[in-house]
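> Following the hints, position chain B against chain A.
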Amino acid sequence: MSLIIANTKLKSRLLVGTGKFSSTEVMKAAIDATETSMVTVALRRVDLENEQDDMLGAIDRAKYILLPNTSGARNADEAVRLARLARAAGCGEWIKLEVTPDPRYLLPDPIETLKAAEILVKEGFIVLPYINADPVLAKYLEEAGTATVMPLGAPIGSNRGIRTKDSIRIIIENANVPVVVDAGLGAPSHAAEAMEMGADAVLVNTAIAVADDPVKMATAFKLAVKAGRIAYESGLGEVKATASASSPLTGFLNE
Amino acid sequence: MNITLNGKEKEIAENTSVENLVNELKLKDTPIVAEISGKIIKPENYSSAILEEGNIVELIRFVGGG
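Protein sequence lines correspond, in order, to chains A and B.
By the working numbering, the letter at position 66 of the first sequence is numbered 66, and the numbering carries on one by one without gaps.
By the working numbering, the letter at position 46 of the second sequence is numbered 46, and the numbering carries on one by one without gaps.
The shape of chain A in the complex, shown without the other chains (with noise of 0.2 angstroms):
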């Protein structure tokens, strides 16, 4: 079964950051290999004293939808900006909502993308929203009207993997929007963990853009992301606390 996002279906269940690559060639490639459907881009000012490469010019936004962000938003003010801004530069409707007033961690403020997410919504934004991993608040933002909710296994940028496991596990269960584990996914396993654990999607940047062969490690993330969404679908076999044997135990050795 495809993902289906706002009546949008992707064919691919592995969201894509643009951010932190050597050049713009090494993006292209390594998106492509992602075989992604979706990629986020994020805005900012134009630097008047140096000239800079055309991103947006090397994504073919036939075979990708844009997902503008609105990271550097400190509040939902800016926030509300930021994607106003995006929706006016003709990127659509699609915008990833993210509220982070604490440079160190990044963690993202939920009272402010709460608030940001009701009047984006309300404007005709299809909201996905960076969160922290908070069961209650990825409620609050799917009955505001959010087009999934997007939990995070780490800081953003620091390849530690899913560090909020028990409460993911409650927000996929709970979900009625798709859920996408965003940050922190630092390895192929950590994208095919947080498929098996039911997660509908993924979002990786960091992991593939700082590789030292990013083409590559984007192959590497779209197997884990297939291979992990297969397993959850096959359905994984009981945690136990002792053995159960493979092999058929006939006992004739003790006869």
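Derived from the structure by calculation, the hints contain no laboratory data.
Check before you lean on any hint, since a few could be wrong.
Anything over 10 angstroms on all C-beta distances counts as not near chain A; from chain B, calculated [unchecked claim]: (1) Glu11; (2) Ser48; (3) Glu53.
Derived DEER-like restraints, expressed as beta-carbon distance ranges [said to hold, decoys possible]: (4) A:Asn7 to B:Pro43: 25 to 35 angstroms; (5) A:Ala58 to B:Glu14: 36 to 46 angstroms; (6) A:Arg44 to B:Asn23: 33 to 43 angstroms.
Beta carbons are placed, not taken as given, at the ideal position from N, Cα and C, and that holds for glycine.
Okay, now just chain B, sitting in the frame of chain A:
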């Protein structure tokens, strides 16, 4: 007259439109969005948006991000 462009003072001629400014900065072919003193100007309105003394102009573009 003076405006503040992306946080820096800039002197421009009277009756400069956002389109003129974008052309002068050689950003014509770059997907950007302009904001004048908090108000978003869509690309289709760049030619009719005339800058005034003291305007705070932000030119925003897309960059890589997660």
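> None of the hints should be skipped; say for each whether it holds.
To see whether the hints hold, each was checked on the structure:
no.: 1; hint: Glu11; verdict: 14 angstroms, holds
no.: 2; hint: Ser48; verdict: 15 angstroms, holds
no.: 3; hint: Glu53; verdict: 20 angstroms, holds
no.: 4; hint: A:Asn7 to B:Pro43: 25 to 35 angstroms; verdict: 28 angstroms, holds
no.: 5; hint: A:Ala58 to B:Glu14: 36 to 46 angstroms; verdict: 38 angstroms, holds
no.: 6; hint: A:Arg44 to B:Asn23: 33 to 43 angstroms; verdict: 21 angstroms, violated
Checked against the numbered hints above, the structure breaks only hint 6 and satisfies the rest.
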